[in-house]
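First to last, the sequence lines map onto chains A and B.
The working numbering numbers the first residue of the first sequence as 1 and each following residue consecutively.
The working numbering numbers the first residue of the second sequence as 1001 and each following residue consecutively.
Read the hints as simulated data drawn from the structure, not as lab findings.
All C-beta atoms, glycine included, are put in the ideal place defined by N, C-alpha and C.
Just so you know, not all the hints are guaranteed correct.
[To be verified] Estimated spans, in silico, between C-beta atoms of each pair:
1) D93(A) <-> P1199(B): 45 to 55 Å
2) S8(A) <-> P1199(B): 22 to 32 Å
3) P34(A) <-> E1224(B): 24 to 34 Å
4) D1226(B) <-> R211(A): 23 to 33 Å
5) R1255(B) <-> V231(A): 37 to 47 Å
6) A1269(B) <-> G176(A): 40 to 50 Å
7) G72(A) <-> P1199(B): 49 to 59 Å
8) R211(A) <-> P1199(B): 46 to 56 Å
9) D93(A) <-> E1224(B): 50 to 60 Å
10) V39(A) <-> E1224(B): 50 to 60 Å
11) R3(A) <-> E1224(B): 34 to 44 Å
12) A1269(B) <-> R211(A): 50 to 60 Å
13) E1224(B) <-> V15(A): 38 to 48 Å
14) G404(A) <-> E1224(B): 50 to 60 Å
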Amino acid sequence: MAREYLTSTLASEWVPTRDVLVLEGNQTVEEQAPGEVTVTTPVQGRIDEQGRLTEQPVAPISRSFELQRVDGEWRISAFPEGFGLWLSAADLDRAFRPSTVYYLNPHLDLFVPDVRWLALGDGLTTSLARTQLAEVPSHLEGAVRTGGGPDLRLAVGAVPVDPTTQMAVVNLQGSGLSDDPDRVADLRAQLGHSLLGLRGVSAVDLRVAGRSLLEDGAVNLGTELGYEEVVRETEVGLLRIGEELIPVDPTRYDLRNLPAAEVRDLDLPRVGMSWTGVAASADLSELAAVSADRSELWRWRDGESEAHAGIGDELTDPSFDPHGDVWVAGTSRSAQDPRVWVLETGDVSTLARPVEVPWLADGERVETLRVSPDGTRALLVVRAERGSARDRVLVAGIVRDSQGRATALAEPWHAAPTLVEVASARWASTTDLVVAARRTQDQRVAAFTVPLGGWLDSLPDQAGLVDVQAVPTGQGFVPVARTEDGRLHTRDGPSVWFGARNGDELIVPGT
Amino acid sequence: MASGTRPDIPDLRAGETDASAGRAEAPRRVEAGAAPEAGATGASRSTGASRSPVPGHADRDAAPEEPSDVAEGAWWYAWWGRSLRARVITTTVLVGVFLSALLGTVLYQQVAQGLVAQAVAGAERDASQQVALAQEAFDSTDRQDDSGLTQTADDQVRSMAGNSPEEGRRVLLMPGLDNTRGAVVPPTGVGVNAEDLPPALQEAIAADPTNQQVVVVPMNLAGETDQVTSVVVGSRVSLPRAGEYDLFLVYPLVREQETLDLLRQLFYAGGLALSLLVAGVGWLATRLVTGPVEEAASVAQQLARGRLGERLPVRGSDELAQLATSFNTMADSIQLQIRELRSLSQLQQRFVSDVSHELRTPLTTIRMAGEMLHMSREEFSEPVARSAELLQQELDRFEDLLNELLEISRYDSGATILERHDEDMVALVGAAADGVATLAERLDVLVRVHATTAPVVVRMDGRRIARVLRNLLANAVEHGEGRPVDVTVAATEHVVAVSVRDHGIGLTEQEAAHVFDRFWRADPSRDRTTGGTGLGLAIAQEDARVHGGWLQVGSEPGRGACFRLLLPRQDRYAVAEAPPPVPGPDEAAQDTRVPPVVLALASRAEEDEQP
Chain A
1 MAREYLTSTL ASEWVPTRDV LVLEGNQTVE EQAPGEVTVT TPVQGRIDEQ GRLTEQPVAP
61 ISRSFELQRV DGEWRISAFP EGFGLWLSAA DLDRAFRPST VYYLNPHLDL FVPDVRWLAL
121 GDGLTTSLAR TQLAEVPSHL EGAVRTGGGP DLRLAVGAVP VDPTTQMAVV NLQGSGLSDD
181 PDRVADLRAQ LGHSLLGLRG VSAVDLRVAG RSLLEDGAVN LGTELGYEEV VRETEVGLLR
241 IGEELIPVDP TRYDLRNLPA AEVRDLDLPR VGMSWTGVAA SADLSELAAV SADRSELWRW
301 RDGESEAHAG IGDELTDPSF DPHGDVWVAG TSRSAQDPRV WVLETGDVST LARPVEVPWL
361 ADGERVETLR VSPDGTRALL VVRAERGSAR DRVLVAGIVR DSQGRATALA EPWHAAPTLV
421 EVASARWAST TDLVVAARRT QDQRVAAFTV PLGGWLDSLP DQAGLVDVQA VPTGQGFVPV
481 ARTEDGRLHT RDGPSVWFGA RNGDELIVPG T
Chain B
1001 MASGTRPDIP DLRAGETDAS AGRAEAPRRV EAGAAPEAGA TGASRSTGAS RSPVPGHADR
1061 DAAPEEPSDV AEGAWWYAWW GRSLRARVIT TTVLVGVFLS ALLGTVLYQQ VAQGLVAQAV
1121 AGAERDASQQ VALAQEAFDS TDRQDDSGLT QTADDQVRSM AGNSPEEGRR VLLMPGLDNT
1181 RGAVVPPTGV GVNAEDLPPA LQEAIAADPT NQQVVVVPMN LAGETDQVTS VVVGSRVSLP
1241 RAGEYDLFLV YPLVREQETL DLLRQLFYAG GLALSLLVAG VGWLATRLVT GPVEEAASVA
1301 QQLARGRLGE RLPVRGSDEL AQLATSFNTM ADSIQLQIRE LRSLSQLQQR FVSDVSHELR
1361 TPLTTIRMAG EMLHMSREEF SEPVARSAEL LQQELDRFED LLNELLEISR YDSGATILER
1421 HDEDMVALVG AAADGVATLA ERLDVLVRVH ATTAPVVVRM DGRRIARVLR NLLANAVEHG
1481 EGRPVDVTVA ATEHVVAVSV RDHGIGLTEQ EAAHVFDRFW RADPSRDRTT GGTGLGLAIA
1541 QEDARVHGGW LQVGSEPGRG ACFRLLLPRQ DRYAVAEAPP PVPGPDEAAQ DTRVPPVVLA
1601 LASRAEEDEQ P
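Make the full structure from the sequences, and use the hints.
As structure tokens, this is what we get:
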């Protein structure tokens, strides 16, 4: 419909999804000259050509348009180069839909989701397939694998869905595709999983020159794709009270202790008061913590413990990745530049190995480092300079070698630019973060759910909030907030926290 | 056929005859002793002409040879007509070829129609599927700007065309005639151009956009030098923002054409094989039938040539065995009758000869007594004297009759000996005319001789030919009714003709047919001035025959008769076939010309006598 308000010449060239701005509030229109107007409007978000939504601090922008009268009616005859679409948040929900493309973690055979906003309509299947076949975004380069790439494209710019069988047929064009079964398997998994997520698609077939690439037939919901989405469920949480770690049910609103019978086999150490930021491996066989002065890392495993004093200073809370490795960031003692280290699982005395992060500038400080549940991405909260309250929430792919050892972090993606002061940030799922942070317009730190590639979702307000955690439940997660008075709060309804119990830390294993 | 019109080239004829094994062989066969049977056949078939003077003619009558000047182009016709096997094989092959061609044509048409129908049905199915897929693709495209749509349309068209447009379908997408939105997506195609499409097809789509429009037409296709018959299926698709487009799918019937070509070759090969098979079967079948028939024909020919002991072998008990048995029975019967006739004839000839010889001795005695009585008649009374004269007169006649009977019996027994010399026919005719001068004078008949002054030399037995001429002249004068008798001598290099034409009472056709019979008289009641024996013409004909010539008669009652003697001038030739009829009274002028005749070499025995 919008195309009808353009002159025919402009309509033929207009690609609305090239650049989508989500507006907030009212627009002001100012006529600069006869047939030329300038529109000024506040913008709260932007969807780039790849469909990635980035919420932006609300700021006005101005653009000039030329008008022309066609058949007695005004039509837009020229707009700025690269102009795509302006629409309100409400219209965005009507015209676009967040869809998920999937990349692959070949070391753990896991899907790595990436949310994109794509235009609703008959072309959604096509645009999702097209997006899936595009190259890996830069922040995941080297961290994930994909069957797509610049040498592969849709044979026809359309992925039709048979209305009867609901089968989406992806006709591909790429040299040597038929002779590369590994790549076909990747494409099968990625396209199958992403397209089956669309309504009205119950099977997916991949074809080259009209011939199906899938020897076992089209992919459907029951097909084994070789990769899985991460599903985490936490049955045991550890509540640290003083030096003691108490097994609790973290999904319960009251965070009650688990019955002794259920935790009889657990062998948990006492954690000295000099250690903080305790993290536990998913199987609770290994613990890690940093010293209160953040200059030492403590590791415990099967009754053995080791304090690593020589890694660096200003260490972040340690984080376990799905491989069992311990990640920690800080400042190198020699160069005083920000560093990221990884300590591989197994022996508690294993030395920390630095991971290359070339994009971390001197003077920047990593406040938080957490590894995503799928093990492919690192969440970093980076403070620009010491004492500055301007934090950035960054997501960067973890580049691993062929043995699966982390070697570097890819170029980061700024996840929630609206957040300026981040108290804590954790992975809630493979697509969501939970963050305790303050936006520009906020007076104090608040809790948010941050869908990667989505709008911030505020959690209930709580004074004195210092940390917010996400407890995976299998279906999703439940947030647990900690206030500076040592009270842990669980969520009680959509807008209220429930002061569950007191504790120094709630440790969710595997994070 | 044309031989009668070419009397002037007997050498060529003779040469041709000589070159022909069949003709050279014919006289030899007759000499083996078939003359009696052949002679009977010849007499029964000739009208107003003597039987063939050349023994070989009997052989020709039994197995006529092809004319020597048969056109070369018609040899097969003669061959076809002569051979049952050839007819059967030719007929079966022709019928087989015709039926094969008919069957092949019908089958080919059926197969071709089936292939085309199948191709059309397949094309319709495929096009329906392809158009549905294309429409789904256009509906599901995510780019609706011009370049995006064009790219999608191009990709879709290429995708539908497949990897090898030469073998698969060819595709063309172009705006429909009723598309008013302009060519948002320009026409795009693979392997086919818009101008090569039948214009009516797009109009048909515009008129009925909901249905497929199908035509089968020769098309100019990219990569093909010649037009290729193709199934063209036109359908309507709708492009987002671009409106109604016509999608044409062209299916070249290349494989079908190749199949038909292969089929045609197979049909040709099969037809040829079938024809050969039919010919072989025909040959085998006719061999089974015609083998015995040919054997029967061969044996029949041997029988006809006088080898009366030839018989057919009898094998088995089928129809052919019955035929052989019947044939052998018939041959036995014929052989028996011929033997009886031959022995009867020989008995009769011997009887005549014996009687004649036996009568000669008493006749001599009687004659001597008669002479005495005749010489002494003066001494007798008138009646006795008259009786003595009559006795003498009848004794002369009796002696003549006896001599002629002896001559005839010599002919019959084959004991005739010719004494040929080169003699002048003109002189011989003059002498004969002089011989009948007395009789002519008595009957007041003028004998006119028409001949050149130059002698016409003929190698002949002058005594016998003179006897023939005398006989003919005497007959003419006697039956000339006082009107002149014309004797005409005509000659060519190889043949001499002597015509003796009277203008008397003539002969009826029936009389002419018997004029050379022994003891036959035209009118028994008629007064016989010359007192002939009734054997003269028979002897004359035999004389002509032994010379290799012909003696013929032509006559009209009341307008006279004409006897024509034709003789070869050299003894190595014989007049092979019956010459043309003797000209009638109105054509008397033709007597001065020798009629066209066919000459043949005389028998080997006679040839051997040549120096």
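These are the hints, each one checked on the structure:
1. D93(A) <-> P1199(B): 45 to 55 Å: 50 Å, holds
2. S8(A) <-> P1199(B): 22 to 32 Å: Because 29 Å falls inside the window, the suggested range holds.
3. P34(A) <-> E1224(B): 24 to 34 Å: 59 Å, violated
4. D1226(B) <-> R211(A): 23 to 33 Å: Cβ of D1226(B) to Cβ of R211(A): about 31 Å, so the range 23 to 33 Å holds.
5. R1255(B) <-> V231(A): 37 to 47 Å: At 54 Å between Cβs, range violated.
6. A1269(B) <-> G176(A): 40 to 50 Å: Distance hint for A1269(B), G176(A) holds at roughly 46 Å.
7. G72(A) <-> P1199(B): 49 to 59 Å: 38 Å, violated
8. R211(A) <-> P1199(B): 46 to 56 Å: At 36 Å between Cβs, range violated.
9. D93(A) <-> E1224(B): 50 to 60 Å: Holds, at about 56 Å.
10. V39(A) <-> E1224(B): 50 to 60 Å: Roughly 58 Å apart at Cβ, these two residues keep to the hinted range, so it holds.
11. R3(A) <-> E1224(B): 34 to 44 Å: The hint (34 to 44 Å, Cβ to Cβ) holds, given that R3(A) and E1224(B) are roughly 42 Å apart.
12. A1269(B) <-> R211(A): 50 to 60 Å: 38 Å, violated
13. E1224(B) <-> V15(A): 38 to 48 Å: 40 Å, holds
14. G404(A) <-> E1224(B): 50 to 60 Å: 58 Å, holds
In summary, the structure is inconsistent with hints 3, 5, 7, 8 and 12 from the numbered list given earlier, while agreeing with the others.
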